[in-house]
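Engineer: Protein sequences, first through last, are from chains A and B. Using full-length UniProt numbering, you'd call the opening residue of the first sequence number 1 and step up by one each time. Using full-length UniProt numbering, you'd call the opening residue of the second sequence number 1 and step up by one each time.
Among the hints, erroneous ones may be present.
[What the hints assert, rightly or not] When the alpha-carbon atoms are kept at most 30 Å apart in a straight line, the in silico DSS-like pairs for lysine-lysine are as follows:
no., chain 1, residue 1, chain 2, residue 2
1, A, Lys-120, B, Lys-120
2, B, Lys-59, A, Lys-59
3, A, Lys-120, A, Lys-198
4, A, Lys-59, A, Lys-120
5, A, Lys-120, B, Lys-59
6, B, Lys-59, B, Lys-9
7, A, Lys-59, B, Lys-7
8, A, Lys-59, A, Lys-9
9, B, Lys-7, B, Lys-59
10, B, Lys-198, A, Lys-198
11, B, Lys-59, B, Lys-120
[Unchecked claim] The following label-pair restraints were derived from C-beta to C-beta distances:
no., chain 1, residue 1, chain 2, residue 2, range
12, A, Gln-31, B, Pro-104, 42 to 52 Å
13, A, Gln-31, B, Ser-58, 30 to 40 Å
14, B, Phe-8, A, Asp-123, 25 to 35 Å
15, B, Arg-22, A, Gln-15, 40 to 50 Å
16, A, Lys-59, B, Asp-123, 15 to 25 Å
17, B, Gln-128, A, Ala-144, 35 to 45 Å
18, A, Thr-158, B, Gln-31, 40 to 50 Å
[What the hints assert, rightly or not] A partial selection of chain A residues facing chain B, derived with a Cβ cut-off under 8 Å:
no., residue
19, Gln-34
20, Val-38
21, Ala-40
22, Leu-118
23, Tyr-135
24, Ala-171
25, Gly-175
26, Leu-183
Simulated from the structure, these hints should not be mistaken for laboratory data. We put the beta carbon where it would ideally sit given N, CA and C, even for glycine.
2 protein chains.
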Amino acid sequence: MSENTRKFKREPAAQRREALIRATLSLIAEQGVQAATVRAIATRAEVTQGMIRHYFSSKEDLITAAYEYHMNRLTNLTSARADAAQGSARARLVAFVVDSLTPPVVDAGSVSLWAGFLNKVHDDEQMQTIHQRTYYEFRDRLEALIGEVQGEAGIVSTAQDRRLLAIACNALIDGLWMEGGVLPGAFAPEELPQIGIKSIGAIIGMDLAETGQKT
Amino acid sequence: MSENTRKFKREPAAQRREALIRATLSLIAEQGVQAATVRAIATRAEVTQGMIRHYFSSKEDLITAAYEYHMNRLTNLTSARADAAQGSARARLVAFVVDSLTPPVVDAGSVSLWAGFLNKVHDDEQMQTIHQRTYYEFRDRLEALIGEVQGEAGIVSTAQDRRLLAIACNALIDGLWMEGGVLPGAFAPEELPQIGIKSIGAIIGMDLAETGQKT
DNA sequence: ACAGTAATTATGCAAGCGTATAATTTCTAA
DNA sequence: TTAGAAATTATACGCTTGCATAATTACTGT
């Protein structure tokens, strides 16, 4: 009963950092960057505002860390099943596309985050680096998968061909992802992945929709 | 010489409103939403800050007006040539796509603006309306063009078919537009429209690239 | 058991924010 | 020519912001 009056608890540094990052992300996702004030973040993380300066050198530093955290999460969500890699290249490509166009990747908060950060990417060099890295990681993954699928089907293509196909497929996925997040009511649940699979098949000249899954 | 000491000049209301809107847009495009403060906007428009409240009921009202102004400009830029409508439906579709994927539509500031506004769209009902209207205008225009091109080629399709094709083509254009704006150095000048034309041709099952223009 | 150290809270500050209102200046109609 | 109305500037107020610093609290090694 003597512990009843304890005023706070010491948490591991990594845990506190993550709590602050998650609070930041949820605030930006729900109400935009301007709502992510030092005080609002601290309140949501259930600490006082001094903690932000204690674990991050500035608010901007926290924002950058949150951006990286978010982008890494997106990367993991989209490539986890494709990396598992038990089936054919085609099945892996389909999994990659479907995961990119299904919740939780397709999500209003996720798009909101992306847009909110984009402004800061313009100025901040560190965030620009993160942005480019994430973009190329995604596109290169896509390019590799396309190459494997083509190889599997006996199609020969040049590196330049595959680069252009990857740019197009990447754009298509990004566009569908964005629109699904911004206008959630505008699409039926399975519509986005279906459109994605069909269109990417058309772009790379193969039918990806035929047997892959039972939808 | 007596006029040398004149301290300000009265301008037509419409002109002042536009000057304030343009100042707002350039600030958001260059430095993000948070840089668009009342004082910064007034300074850039070369007036004092009181003018904002004089011509708009609040800063938020100005922001909304600026958003509408920007979106209308984008709509005009993308559909002006396609509306001129002198050639075949195919030529008009190609013009529509090319204009959407070429400066000044493809532009870092333009994407920055779009992203900056997206956060406010979430809360503000009025901005949500503008956003939806712009999106559907663009997609419906695309859907109509696709229908005409198909008709021209003797292809029959259902309304549902055309809707799905329009969603896919819209996403592709949006994605390429976004990436071209955010990573200007990542693409050669003519690359984006070329990829767009080729991919949209693949999606709707026609070769759009053959004779249209001499690129 | 307890002293030292690091984590956490508490408090304060200067700057910038949006907005309201008062004081000027310009233009126009008679 | 001049009075009045509208446009524009000038000033000020209350609030929030990010950050710094001081005051507490909790944990750890010995």
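Engineer: For every hint, state whether the structure bears it out.
Structural biologist: The hints, checked one at a time:
With a C-alpha separation of about 16 Å, the suggested pairing of A:Lys-120 with B:Lys-120 holds against the 30 Å cut-off. With a CA separation close to 25 Å, the supplied pair B:Lys-59 and A:Lys-59 stays within the 30 Å bound. Of the supplied pair hints, the one linking A:Lys-120 and A:Lys-198 is violated, its CA atoms being roughly 35 Å apart against a limit of 30 Å. With a C-alpha separation of about 13 Å, the suggested pair A:Lys-59 and A:Lys-120 falls inside the 30 Å cut-off, and the hint holds.
This hinted pair checks out: A:Lys-120 and B:Lys-59 have alpha carbons roughly 22 Å apart, not beyond 30 Å. Restraint check: the Cα-Cα separation between B:Lys-59 and B:Lys-9 comes to about 23 Å, which is no more than 30 Å; the hinted pair holds. Distance restraint check for A:Lys-59 and B:Lys-7: the Cα-Cα separation of roughly 42 Å exceeds the 30 Å cut-off, and the hinted pair is therefore not satisfied. Under the criterion of a C-alpha separation no larger than 30 Å, the hint pairing A:Lys-59 with A:Lys-9 is consistent with the structure, at around 23 Å.
With a C-alpha separation of about 25 Å, the suggested pair B:Lys-7 and B:Lys-59 falls inside the 30 Å cut-off, and the hint holds. As the CA atoms of B:Lys-198 and A:Lys-198 are separated by approximately 16 Å, the hinted pair is consistent with the 30 Å bound. With a C-alpha separation of about 13 Å, the suggested pair B:Lys-59 and B:Lys-120 falls inside the 30 Å cut-off, and the hint holds. Checked against the hint of 42 to 52 Å, the pair A:Gln-31 and B:Pro-104 fails, with Cβ atoms roughly 32 Å apart.
For the pair A:Gln-31 and B:Ser-58, the beta carbons lie near 18 Å from each other, so the given range of 30 to 40 Å is not met. Checked against the hint of 25 to 35 Å, the C-beta distance between B:Phe-8 and A:Asp-123 comes to roughly 33 Å, which is consistent with it. Look at B:Arg-22 against A:Gln-15: about 48 Å separates their beta carbons, and that is inside 40 to 50 Å. The supplied range of 15 to 25 Å is met by A:Lys-59 and B:Asp-123, whose beta-carbon atoms lie about 22 Å from each other.
One distance hint, 35 to 45 Å for the beta-carbon pair B:Gln-128 and A:Ala-144, holds here, with the actual separation near 39 Å. Remark: the range hint 40 to 50 Å for A:Thr-158 to B:Gln-31 is upheld by a beta-carbon distance near 41 Å. Interface hint status for A:Gln-34: upheld, as the beta-carbon distance to the closest one in chain B is roughly 6 Å, under 8 Å. For A:Val-38, the suggested interface contact is broken, since its CB lies about 14 Å from the closest CB of chain B, more than 8 Å.
Proximity of A:Ala-40 to chain B is violated relative to the hint, the smallest CB-CB distance being about 15 Å (cut-off 8 Å). The restraint placing A:Leu-118 at the interface with chain B holds, with a minimum CB-CB distance near 4 Å, inside the 8 Å limit. The closest approach between the C-beta of A:Tyr-135 and any C-beta of chain B is roughly 7 Å, which is under the 8 Å cut-off, so the hint is satisfied. Among the interface hints, the one on A:Ala-171 holds; its C-beta lies about 3 Å from the nearest C-beta in chain B, closer than the 8 Å criterion.
Taking 8 Å as the C-beta contact cut-off toward chain B, the hint placing A:Gly-175 at the interface holds, the least distance being around 3 Å. Checking A:Leu-183 against chain B by beta carbon gives a least distance of about 7 Å; that is within 8 Å, so the hint holds.
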